[in-house]
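A.B. asks: Listed below are the residues making up each chain.
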Amino acid sequence: MRRVALTVNGTGHELDLEPRELLVYVLRERLGLTGTNVGCDTSSCGSCTILLDGESVKSCTLLGVQAEGAQITTIEGLASDGELHPVQQAFHDKHALQCGYCTPGMVMAAVSLIEHGEATDEAAIRIGLEGNLCRCTGYHNIVLAVEQAAGVMGKAS
Amino acid sequence: MSATAEKGSYVGSAVKRREDKALLTGQGTYVDNMAPVGTLSLVVVRSPYAHARVTSVSLDAARAAEGVVAAFSAADLQDDWKAAMPCAWPVTEDMKNPPHYPLTDVARYQGDGVAVVLAETRAQAKDAAELVEVDWEPVDAVVDVAKALDDGAPLAHPDLGTNECYVWRLDTDATGQAIEDAEVVVTRRYYQPRLIPNAIEPRAVLAVPGAAGEVILYAATQIPHILRLLVAATLGMSETKLRVVAPDVGGGFGSKLDVYAEELLAVALARRLGRPVKWTEERSENYVSTIHGRDFHTEYTLAATKDGTITHCRARVTAAMGAYLQLVTPGIPLLGAWIYAGPYAIPNYSVEFTGVFTNTTPTDAYRGAGRPEATYVIERTMDALADELGVDRVELRRKNFIKEFPATMASGLTIDSGDYVASLDKLLEHLDLDALHAEQAKRRENGGAKQLGVGFSTYNEMCGLAPSRILGAIRYAAGGWEQATIRYLPTGSIQVVTGTSPHGQGHETAWAQIVADQLGCDIEAVEVLHGDTAVSHAGLDTYGSRSLPVGGVALCYAAEKVVDKARQIVAHQLEVSADDLDFADGTFSVKGSPDKEMTLAAAAWAAFAAHDLPDGMEPGLEATATYDPPNFSWPGGAHAAVVEVDTETGDARLVRYVAIDDVGTVVNPLIVDGQVHGGITQGISTALYEEGSYDEAGSLLTANLVTYLVPSAAELPSYELDRTESRSPTNPLGVKGVGETGTIAAAPAVINAVLDAVSHLGVEDIQMPATPERVWRAIQEAKA
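Residue numbers (the working numbering), protein chains in the order written: chain A, 1 to 157; chain B, 158 to 941.
Fair warning: there could be bad hints in the mix.
Capping the alpha-carbon separation at 25 Å, the derived lysine to aspartate or glutamate pairs in DMTMM-like fashion look like this [said to hold, decoys possible]: (1) K283/B <-> D41/A; (2) K178/B <-> E76/A; (3) K607/B <-> E130/A; (4) K173/B <-> E877/B; (5) K164/B <-> E717/B; (6) K718/B <-> D689/B; (7) K178/B <-> E115/A; (8) K583/B <-> E801/B; (9) K173/B <-> E147/A; (10) K748/B <-> D769/B; (11) K940/B <-> E930/B; (12) K463/B <-> D328/B; (13) K178/B <-> E147/A; (14) K560/B <-> D879/B; (15) K178/B <-> D93/A; (16) K173/B <-> E122/A; (17) K753/B <-> D737/B; (18) K173/B <-> E83/A; (19) K556/B <-> D330/B; (20) K283/B <-> E21/A; (21) K607/B <-> E122/A; (22) K178/B <-> E83/A; (23) K178/B <-> E29/A; (24) K283/B <-> D16/A; (25) K463/B <-> D922/B.
It should be emphasised that the hints constitute simulated quantities derived from the structure, not laboratory data.
Could you put together the complete structure from these sequences and hints?
C.D. replies: In structure tokens, the structure reads:
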């Protein structure tokens with residue numbers, strides 16, 4: 001066991017972790033933040049995407065102990081004061097989710113893409129979300145949602 | 158169309174989904190999110206061999222490992238099973254159905270379970286599973302469907318003496334003319350690759366035992382009601398002792414329409430051990446332990462007169478069953494059996510399906526199930542026939558369309574409604590084919606690497622499973638009805654209970670739209686409950702694009718009963734005849750005295766208070782309707798793909814995809830478009846990307862998301878959608894199914910486009926998926 005300090009959605013935690021525990025399971029099973037989903041075991045699907053120090057990261061690709069000192073945002077930390085984040089709102093407006101399983105990861109990846117100013121047009125959005133798989137929507141409405149959110153966030157081209 | 162839909166006109170409006178907020182804020186209730194105190198983690202030890210006898214299993218080391226509570230072999234649990242795992246569709250009287258159980262001592266596919274380990278944590282169970290020692294005696298495996306019936310082929314089930322599971326035929330002979338004697342005959346052979354469904358949520362089950370032998374089974378399933386029936390039957394439990402809950406379910410596409418070993422194991426082990434048992438599938442495990450789809454070899458023939466009138470169609474299909482028959486495995490080809498003439502009026506009809514066992518993961522329903530397999534061979538052969546006749550591919554389709562509805566086809570079923578010409582015309586309006594052909598000609602002339610192709614697919618399909626009498630006639634074990642209950646609460650809130658079980662389709666929103674319109678109330682007054690057998694007592698669940706045309710229609714009939722009862726109450730209280738009451742916008746008014754009125758909500762209160770009801774009337778305002786559809790639902794439409802092929806690399810990319818679909822009345826255009834987008838994507842992906850393949854020993858080569866290509870946003874274009882609308886005359890809403898249309902239509906449009914792009918180079922055939930390597934090789938071979 002190793003003691004790790006990390007901040008998740010603004011709350012500090014000190015945890016005794018097994019070195020082999022993946023960050024995604026630390027979030028889900030130690031902290032009860034089950035909004036971050038696990039969809040694969042090869043870091044392919046992106047369902048577990050979170051923001052770590054502002055960068056989108058697949059939380060199955062990190063060990064919990066590697067998150068020492070990190071500021072983490074999960075899907076549970078995105079809405080504030082009961083108001084959906086512009087990306088969440090856009091996903092709702094554009095019907096960019098169906099079963100919802102890939103959605104937390106897709107939303108977090110989209111937030112990062114937009115904040116980095118990389119959601120400039122359809123092609124850039126499609127390439128920018130390449131690491132996140134959705135089996136329901138065919139991505140059509142996800143692209144529309146990201147375009148809308150980028151506009152609202154003042155990050156469209 | 159917007160979310161500002163108004164009372165009375167919710168149906169047809171793009172009402173935004175009420176499901177979204179929880180899913181968007183990380184509050185989904187997926188099974189793996191649940192962990193009651195004391196839950197044991199279950200891990201299944203699986204066969205690495207496609208075919209092998211287990212000569213011994215040693216569990217001692219696993220049982221001694223840290224955190225392990227129990228471990229079992231197949232023999233340890235054999236007495237728990239009162240029946241073999243269920244197959245609900247014995248398609249012929251003499252179909253072979255070798256029994257299989259949740260654990261086995263003869264593995265017949267890679268991934269077949271041979272032992273289980275239960276521990277306090279997932280990590281401990283996984284560690285201990287590594288300590289299970291199994292001695293294997295490998296046996297020759299049969300893998301390739303096309304060779305499985307050859308003399309001397311290894312046998313998946315040596316006791317049967319054959320790999321043939323069944324032969325099923327449907328023949329008609331309207332003209333008495335043999336197909337070989339027709340003026341023009343075109344025969345082509347096709348392979349439908351094995352597909353791996355890949356719902357993004359892997360399967361998961363949690364069985365929680367109670368004190369009196371009862372169990373609550375939480376399952377990532379499409380079929381909570383069917384699961385209750387069949388898990389109870391397999392374990393010899395009373396259905397009263399089993400409650401099945403399907404909470405939020407992360408996609409299915411048919412892969413969660415089954416009764417799986419792990420569901421049975423979790424319930425059996427929870428009862429044995431008296432503790433909750435949870436199993437969560439890992440993705441790579443999903444590739445072997447969850448059903449696959451397709452794996453069909455088809456020889457398809459169209460015959461026509463020289464003027465292009467099609468006279469015959471004939472399909473000879475060899476369909477992979479996999480190693481065992483799962484819930485509806487043998488019936489999958491039959492779901493397409495009546496539509497091998499497509500949307501065309503073809504008088505002579507012949508299909509023959511041969512189901513074969515191979516040492517592979519069992520196949521079963523995957524989006525479209527039997528119908529994409531049919532549409533693909535028809536639409537590809539239509540292009541081949543047009544080329545043979547030297548006529549335009551679009552005009553050959555138009556000429557042969559069924560044009561009068563309802564239409565009884567040679568295959569025997571009757572299409573409720575449609576307008577295939579209208580769909581095709583609308584497609585051509587959107588497409589601007591002249592400009593595309595000009596661009597294609599220019600590129601051909603320039604001889605550059607990137608060539609353009611346009612491909613068509615005009616289709617129909619049968620969905621909305623299904624009229625119970627027809628299901629009985631084709632030997633399916635159960636019916637195809639659906640149930641709905643509408644219950645007024647005292648203050649006028651309305652509970653709707655549906656037997657459908659959504660896993661992304663938005664029933665909570667769409668069903669509220671339907672009910673609010675029927676009752677003339679605000680949509681916010683309507684709550685939709687589903688997916689829990691303790692709440693929804695009866696239902697047949699969600700698959701086969703049945704939820705709206707069966708379950709949605711059941712809502713209408715339940716609403717009718719509610720309004721009828723309320724009418725009696727209002728007539729009694731207003732002292733008028735029930736016949737003198739009009740009902741509109743949620744209010745009853747007396748004909749000729751519009752000031753005398755009473756709302757449905759007021760009648761609901763009166764029914765609750767029960768102070769002044771007609772003599773003999775029961776209190777309460779609640780009604781249940783069980784609807785058995787008189788016919789299948791028959792969507793149709795016209796799709797076109799525009800593809801750019803890099804002739805130097807073989808890379809084929811969608812440039813445009815235009816889809817005109819006719820799904821009858823549209824309840825929620827937002828949701829319908831979403832279904833079409835997703836369906837098209839799985840069809841495109843079939844055409845270009847996905848193929849589950851095995852090596853000769855039966856080892857799955859595409860065994861995870863790295864080696865099996867599920868496309869990302871980067872591989873795909875945005876889609877251009879439009880609709881025509883032929884109301885179904887068989888139900889009061891006029892609705893049809895929509896969940897599978899895109900998948901059924903898309904693959905042949907894409908492959909026809911790829912071929913169109915390289916036909917001038919002499920390429921005549923490319924099989925799916927049209928990977929860069931396949932396309933490049935086809936071009937090289939045509940050059941040689």
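A.B. asks: Each hint needs a verdict: does it hold in this structure or not?
C.D. replies: Hint-by-hint comparison with the structure:
1. For the proposed pair K283/B and D41/A, the alpha carbon gap of about 14 Å is at most 25 Å, so the pair holds.
2. A threshold of 25 Å between alpha carbons decides the hint, and for K178/B with E76/A the separation of about 12 Å falls inside it, so the pair holds.
3. The suggested pairing of K607/B with E130/A holds, with an alpha-carbon distance near 24 Å, which does not exceed 25 Å.
4. For the given pair, K173/B sits about 21 Å from E877/B by alpha-carbon distance, which is consistent with the 25 Å threshold.
5. At roughly 18 Å between alpha-carbon atoms, K164/B and E717/B fall within 25 Å of each other, so this suggested pair holds.
6. In summary, the hint linking K718/B to D689/B is supported, as the alpha carbons are separated by about 24 Å, within the 25 Å threshold.
7. Between the alpha carbons of K178/B and E115/A the distance comes to roughly 22 Å, so the proposed pair stays at or under 25 Å and holds.
8. For the given pair, K583/B sits about 23 Å from E801/B by alpha-carbon distance, which is consistent with the 25 Å threshold.
9. The suggested pairing of K173/B with E147/A holds, with an alpha-carbon distance near 18 Å, which does not exceed 25 Å.
10. With a C-alpha separation of about 22 Å, the suggested pair K748/B and D769/B falls inside the 25 Å cut-off, and the hint holds.
11. Of the supplied pair hints, the one linking K940/B and E930/B holds, its CA atoms being roughly 15 Å apart against a limit of 25 Å.
12. A C-alpha spacing of about 24 Å is found between K463/B and D328/B, which places the hinted pair at or below 25 Å, so the restraint holds.
13. For the given pair, K178/B sits about 20 Å from E147/A by alpha-carbon distance, which is consistent with the 25 Å threshold.
14. Between the alpha carbons of K560/B and D879/B the distance comes to roughly 21 Å, so the proposed pair stays at or under 25 Å and holds.
15. Between K178/B and D93/A, the direct Cα distance comes to roughly 11 Å. Compliance with the 25 Å bound is thereby established for this hinted pair.
16. Taking the CA atoms of K173/B and E122/A, the gap is about 23 Å. The hint holds against a cut of 25 Å.
17. For the hint linking K753/B to D737/B, the alpha-carbon distance of about 11 Å falls within 25 Å, and the restraint holds.
18. For the hint pairing K173/B with E83/A, the CA-to-CA distance comes to about 17 Å; that is within 25 Å, so the pair holds.
19. The suggested pairing of K556/B with D330/B holds, with an alpha-carbon distance near 22 Å, which does not exceed 25 Å.
20. In summary, the hint linking K283/B to E21/A is supported, as the alpha carbons are separated by about 13 Å, within the 25 Å threshold.
21. The hinted pair formed by K607/B and E122/A meets the criterion: a straight-line CA distance of about 22 Å does not exceed 25 Å.
22. At roughly 11 Å between alpha-carbon atoms, K178/B and E83/A fall within 25 Å of each other, so this suggested pair holds.
23. Restraint check for K178/B and E29/A: satisfied, since their Cα atoms lie roughly 23 Å apart, inside the 25 Å limit.
24. Restraint check: the Cα-Cα separation between K283/B and D16/A comes to about 21 Å, which is no more than 25 Å; the hinted pair holds.
25. Distance restraint check for K463/B and D922/B: the Cα-Cα separation of roughly 23 Å lies within the 25 Å cut-off, and the hinted pair is therefore satisfied.
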